[in-house]
Each structure stands twice: as C-alpha cells, then as structure tokens.
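Can you build the whole structure from these sequences, using the hints too?
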Amino acid sequence: MGQRTRRLRRGRALTTATAAVLVALAVPACSAGAEPSGSGPRNSGTTGSAPSPASSAAEPPSPPPSAYPLSTAPRTVPAVREHHAARGPGWKPAPAARVVVAPADRAALSDEAKLLAGELKLGYAESAEPGPGDVQLALAPKGSGPPESYTLTVQGGRVRITAPDEAGVFYGTRTLKQEIRGAGSAPEGTVEDAPAKPQRGLNLDIARKNFTPAWIENRLREMADLKLNQLGLHFSDDQAFRIQSDTHPEIVSTPHLTKADVRGINALAARLHIAVVPEIDSPGHLGAVLRAHPELQLHDVNGRAVKGAVDIANPASARLVDELLREYLPLFPAGAWHLGADEYQALVVRDPQASFPKLAAAARARYGPTARVQDLATGWLNDRAAVVRPSGKTLKAWNDGFFRGGVATAAPDLQVEYWTGKEIGARPPLEYLSAGRKVVNLNDEYLYYVLGQPNQFTYPTGRRIYEEWTPRVLRGTTAVPARYDAQILGGRLAVWADLAGAQTQDQVAAGIRLPLAALSQKLWDARPPQAPWADFRALADRVGG
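Its first residue numbered 23, the sequence shown is counted upward by one per residue in the working numbering.
Rather than coming from a laboratory, the hints here were simulated on the basis of the structure.
In this text the structure is predicted, and so the values were computed from the model without any measurement.
Just to be clear, a hint being listed does not mean it is correct.
What the hints assert, rightly or not - Below, computed lysine to any residue pairings styled on SDA-like, alpha-carbon distance capped at 25 angstroms:
id	residue 1	residue 2
1	Lys136	Arg182
2	Lys329	Gly309
3	Lys143	Gly206
4	Lys329	Ala522
5	Lys380	Asp405
6	Lys329	Ala448
7	Lys329	Asp344
8	Lys460	Asn404
9	Lys460	Ala408
10	Lys199	Arg128
11	Lys444	Glu467
12	Lys329	Pro277
13	Lys415	Ala508
14	Lys444	Asp507
15	Lys136	Ala116
16	Lys329	Phe425
17	Lys460	Gly427
18	Lys444	Leu521
19	Lys415	Pro434
20	Lys199	Pro125
21	Lys281	Ala358
22	Lys143	Ala130
23	Lys329	Glu272
24	Lys444	Gln478
25	Lys460	Thr431
26	Lys143	Lys199
27	Lys444	Gln261
28	Lys136	Ala147
29	Lys444	Ala433
30	Lys136	Ala124
31	Lys415	Ala282
32	Lys329	Pro316
33	Lys281	Leu347
34	Lys415	Arg285
35	Lys329	Glu317
36	Lys281	Asn232
37	Lys415	Ala358
Put into structure tokens, the structure is as follows:
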C-alpha cells in the first residue's frame, strides 16, 4: 500500500470495602492498599510451598497473613485493570510446585498449562485438587465474565487462574509469567482483568518484504505475552505474492511461504489465542498477479497501464481473484478475512469517468445511468465479500474502499479498517461511525511502521502511542466523540515494507517491540496510563522476552 504505510465491563462485583481502596484499584500498577509497601511479598523470601515433614520441625512457623503489609498491584504490560490487595507472602515458583488442571478441563486447558509449566520450570499435572505451592487453571461458567477476562488469585501459597473462556485463562498465565519475570514473585491478592477492546494486534506486510516463518512465529510469541490477539498478513501486492498457490502457481514469488509454513504459523497462533487474518488486496495492489496475467491490466483512456490495478470491468479479473479466495479460505481457519479495496488507482484521479470510460460504461450497465466508477468498485468489493461470507468469517476492508454518495453501497457487515484521511475525497471517521459501521484503528499518524520512512513517515518509538493515542484517535490526532467508543473494535500496529531493504528482520523486530507494548497498554485499558513513559519503557524491558 503505497502510502499506508469497554472500559472494563465488570463481570464480578468488587470485594474491597472502602472507597479509598476502590480509587487506588482503578490505577494500573499502583498500590491497591492504603499502606505503603515495605518488606512486602517481593522481599519476604517465602516460596508459597508447604515445608517438607523433615524440615517443618526445624523451621519456625510461617508468619500469619496479618504480619505482612498490604500487597501492591503487579507490574505488567499491559497493566492489570484491577487488583484487590491482601496481606500475605505472595507466591513464587518452588521446586515441587506444579501447574494443575482438573480432568474436566484437560482438553481445553492442557496447552496453556503445559506452556506455563515450561516457562516457570514447574511440573504439570491433572488433578482436581491443587497441592501446596501449585498453580491451578480452571474454566469458570460460561458468561460469568466478559470475553477474554480472567481472575488471578494468590492466596494460601497457591495461585488460581479462572476465566469463562480459554483465552482468559491464557491471559491470566501471561500475567503470572510477567510477574515472575519482572519481580520474582506474584503479590498476594486478586487480579480482575479484561481488555477494553476485542481486536488488538499487528499487521505485517510480507508481500514486499519476505519474513521467515521462524521470525513470524517469534512475533506471535511476543504478541501473546502482550495479550494481543490478531495478526494481519498482507501477502499480495505489486512487488510479490508470498504464499504457495495450487490454483495459480504462476503468480507466486520467490521466496514465499509454503502452505505447510502457513499451517504451522496458524497452529501456533491458535495455541496462543491469536487469529491470523489474511489479506489478498484487490482490485488494486495486484501487480504480482498482473505480471503473469497482463491481459487483466487496467488501462486509462490513453492506453496507459495503471500500476497494480486490474480491470474490474473484465469478468476474468473477478474469476481469478475468486479462485484465490476460495483456495486460501481453508488455509486460514481463524474467523476474519481482509478484502483490501484500498488505493484503486482508477479512483485517485480527479475525474475517473473521463479517465476510465470503459469502467464508467460498465458501472452504468450494472447500476443505471447515474452510476460512476466508484459504484463499480463498490460492486467488486461486495462480490468478493459474497465469496468469503459463507465461511462465516468477519469481513474487513480499508476505509478508502468505501465511498459516499454512490448508487451502490458497501455491504453493511464490512468492518472499516481506518488508516488514512489523505486520499482524494477523504471521508472522516465520523461518516463511518454515524452510519453505524464498526471500525478498527490503524491510524497512519501513530500506528504505521514504514520501512525506509518514505512520504514523511517516521518510525514510531511507542512514546506517542503511549502518551497521546487512544482507540478513538482514528485520523490525525483528534479523537472522535466518546459516544462512538463501542463501535471502535480495537487497533493494530502496521508494518509496511515500502523500502524493503531499509531494515533487516532483526531491526524490524527491535523497532516494533516498544510500539507493540504501548499499543497493548492502550487497547487493554484506554484510560491515561499512570506511569510516565520512561518507567513504562523500563518495565517493558524488564518483563519482555
């Protein structure tokens, strides 16, 4: 793409008694109690496991919980939404401790349990009752809390993580992992946590720059620890087409991902509760396809070929793209699909009807005498959506593929992925929101990491995201009114490889680490963060991989 480069819905009642504590609990990473921390759980030296019979007679009894100061909230990225303070030694890994799952939850939670056990160097067991020092994972009744929410309780030398869905349990394990990595122990008390936004993630341009499967899988692991849940894969563009195709092998570039590579990426993503969202961008950004199929190339009134654009008046263009869509649908089992639709070059000129009379004639033939080229493009988008819709996947398209004032209207179930307001005829976010559209934030002012920094883009460091951006800042630096918040489903950081050689894979990974951390904080909790950027950055360094 040339230039693209709920407040917590509480599912449980708060159990703390005083208003002062409630105020403190609303502040991420701050003390939930009225007393200052001193030699709290991080310095207590206790392990949370019961003493062995051989040593219990020689060791002094453990101090009662009242001997400890009130705990402070764990410090994680993103910060937990609520922490109910308690007195006690907290928990830290001990040699005999295990991660346990009840047999009834084995099928659902064994992957999460085994992963955490490996990370914390604990044993794994299936047991209805946890032992001393154990971490217990369990599913709560469906509907007992918001999606992806969880409760993490540290009490009596044990940890218990419960959630109404598997993703919530997984996010609870991410919190515990960060607590141990950052401080060596988990504080006494209870965390009640859930994301503000349901879509949180990274968009990756693998078309213009080849990224290896191992590199992509490492980003998935990094995303999972940040509780990000969506990876967009833009794998077709003018420069290359990067996934093996059996229906059209002639369009595939070298190097590329094999289907086995893609299955491996999807399998890991599923275990980490990340949806991989593929994008075959059309009807623009199809240069790699057109090199093998020049007969589908769009030409203007003067016969000039239009870069990356297929002739949408030619039925063969639709047939080829639909064949690709049908081929790849089974390869990507997650529940969303991106249709692209941005920057179709026939619509970035001042008078598309004059420049592309063949398209204008096709529009009138389909939609009537007042139809324009934009209506034909809208019809193309709706037709591609109709191919994907039977799969049950959520449908997405870029905001500049939606047009005002046309005879044809984009299907109402298409989510708007808002990235820019710079195109000809730019539509502000309020037009989509006031029409009832669901919107995802990829604001190119904050969330674009464009290799080579062309067109006045600069690499984001994460600081502006952390200090200025919120999900309601969809275009430029101005937030839309709060009444539209529920329609904004989340956001993604986008890596675009405009100048693919400008950075290596390792440089990209290092460059996006802090922006991803900042994004995770603002999508998990849209309230202004309490810690200054320098402290957040240091925390991200400490708890990161």
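Verification of the supplied hints:
Taken as a hint, the lysine 136 and arginine 182 pair is honoured in the structure, with Cα atoms around 15 angstroms apart against an allowance of 25 angstroms. For the proposed pair lysine 329 and glycine 309, the alpha carbon gap of about 7 angstroms is at most 25 angstroms, so the pair holds. Proposed proximity of lysine 143 and glycine 206 is supported: the alpha carbons are some 13 angstroms apart, at most 25 angstroms. Taken as a hint, the lysine 329 and alanine 522 pair is honoured in the structure, with Cα atoms around 19 angstroms apart against an allowance of 25 angstroms.
Between the alpha carbons of lysine 380 and aspartate 405 the distance comes to roughly 19 angstroms, so the proposed pair stays at or under 25 angstroms and holds. As the CA atoms of lysine 329 and alanine 448 are separated by approximately 21 angstroms, the hinted pair is consistent with the 25 angstroms bound. At most 25 angstroms may separate the alpha-carbon atoms for a hinted pair to count; lysine 329 and aspartate 344 meet this at roughly 21 angstroms. For the hint pairing lysine 460 with asparagine 404, the CA-to-CA distance comes to about 17 angstroms; that is within 25 angstroms, so the pair holds.
Proximity of lysine 460 to alanine 408 is assessed by CA-CA distance (about 19 angstroms); at most 25 angstroms being required, the pair is judged to hold. At roughly 21 angstroms between alpha-carbon atoms, lysine 199 and arginine 128 fall within 25 angstroms of each other, so this suggested pair holds. For the hint pairing lysine 444 with glutamate 467, the CA-to-CA distance comes to about 11 angstroms; that is within 25 angstroms, so the pair holds. Proximity of lysine 329 to proline 277 is assessed by CA-CA distance (about 22 angstroms); at most 25 angstroms being required, the pair is judged to hold.
For the hint linking lysine 415 to alanine 508, the alpha-carbon distance of about 21 angstroms falls within 25 angstroms, and the restraint holds. Restraint check for lysine 444 and aspartate 507: satisfied, since their Cα atoms lie roughly 23 angstroms apart, inside the 25 angstroms limit. A hinted pair counts as satisfied when its Cα atoms are at most 25 angstroms apart, and lysine 136 with alanine 116 qualifies at roughly 16 angstroms. Under the criterion of a C-alpha separation no larger than 25 angstroms, the hint pairing lysine 329 with phenylalanine 425 is consistent with the structure, at around 21 angstroms.
Between lysine 460 and glycine 427 the alpha-carbon distance is near 19 angstroms, which keeps this suggested pair within the 25 angstroms criterion. Our distance criterion of 25 angstroms between C-alpha atoms is met by lysine 444 and leucine 521, whose separation comes to about 21 angstroms. Restraint check: the Cα-Cα separation between lysine 415 and proline 434 comes to about 14 angstroms, which is no more than 25 angstroms; the hinted pair holds. A distance of roughly 23 angstroms separates the Cα atoms of lysine 199 and proline 125; the hinted pair therefore holds under the 25 angstroms criterion.
Between the alpha carbons of lysine 281 and alanine 358 the distance comes to roughly 18 angstroms, so the proposed pair stays at or under 25 angstroms and holds. With a C-alpha separation of about 21 angstroms, the suggested pair lysine 143 and alanine 130 falls inside the 25 angstroms cut-off, and the hint holds. The suggested pairing of lysine 329 with glutamate 272 holds, with an alpha-carbon distance near 19 angstroms, which does not exceed 25 angstroms. For the hint linking lysine 444 to glutamine 478, the alpha-carbon distance of about 13 angstroms falls within 25 angstroms, and the restraint holds.
Of the pairs offered as hints, the one joining lysine 460 and threonine 431 holds, with about 15 angstroms between alpha carbons and a cut-off of 25 angstroms not exceeded. Using a Cα cut-off of 25 angstroms, the hinted pair lysine 143 and lysine 199 holds, with the two alpha carbons roughly 11 angstroms apart. Of the supplied pair hints, the one linking lysine 444 and glutamine 261 holds, its CA atoms being roughly 23 angstroms apart against a limit of 25 angstroms. For the hint pairing lysine 136 with alanine 147, the CA-to-CA distance comes to about 9 angstroms; that is within 25 angstroms, so the pair holds.
Restraint check for lysine 444 and alanine 433: the C-alpha separation of about 23 angstroms stays at or below 25 angstroms, so the hint holds. With a C-alpha separation of about 13 angstroms, the suggested pairing of lysine 136 with alanine 124 holds against the 25 angstroms cut-off. About 22 angstroms separates the Cα atoms of lysine 415 and alanine 282, which keeps this hinted pair within 25 angstroms; it holds. For a cut-off of 25 angstroms, the pair hint linking lysine 329 to proline 316 stands: about 11 angstroms separates their Cα positions.
Of the pairs offered as hints, the one joining lysine 281 and leucine 347 holds, with about 14 angstroms between alpha carbons and a cut-off of 25 angstroms not exceeded. Taking the CA atoms of lysine 415 and arginine 285, the gap is about 18 angstroms. The hint holds against a cut of 25 angstroms. Proximity of lysine 329 to glutamate 317 is assessed by CA-CA distance (about 13 angstroms); at most 25 angstroms being required, the pair is judged to hold. Under the criterion of a C-alpha separation no larger than 25 angstroms, the hint pairing lysine 281 with asparagine 232 is consistent with the structure, at around 15 angstroms.
Among the hinted pairs, lysine 415 with alanine 358 is consistent with the structure: their alpha-carbon atoms are about 5 angstroms apart, no more than 25 angstroms.
When the structure is compared with the earlier hints, no violation turns up for any of them.
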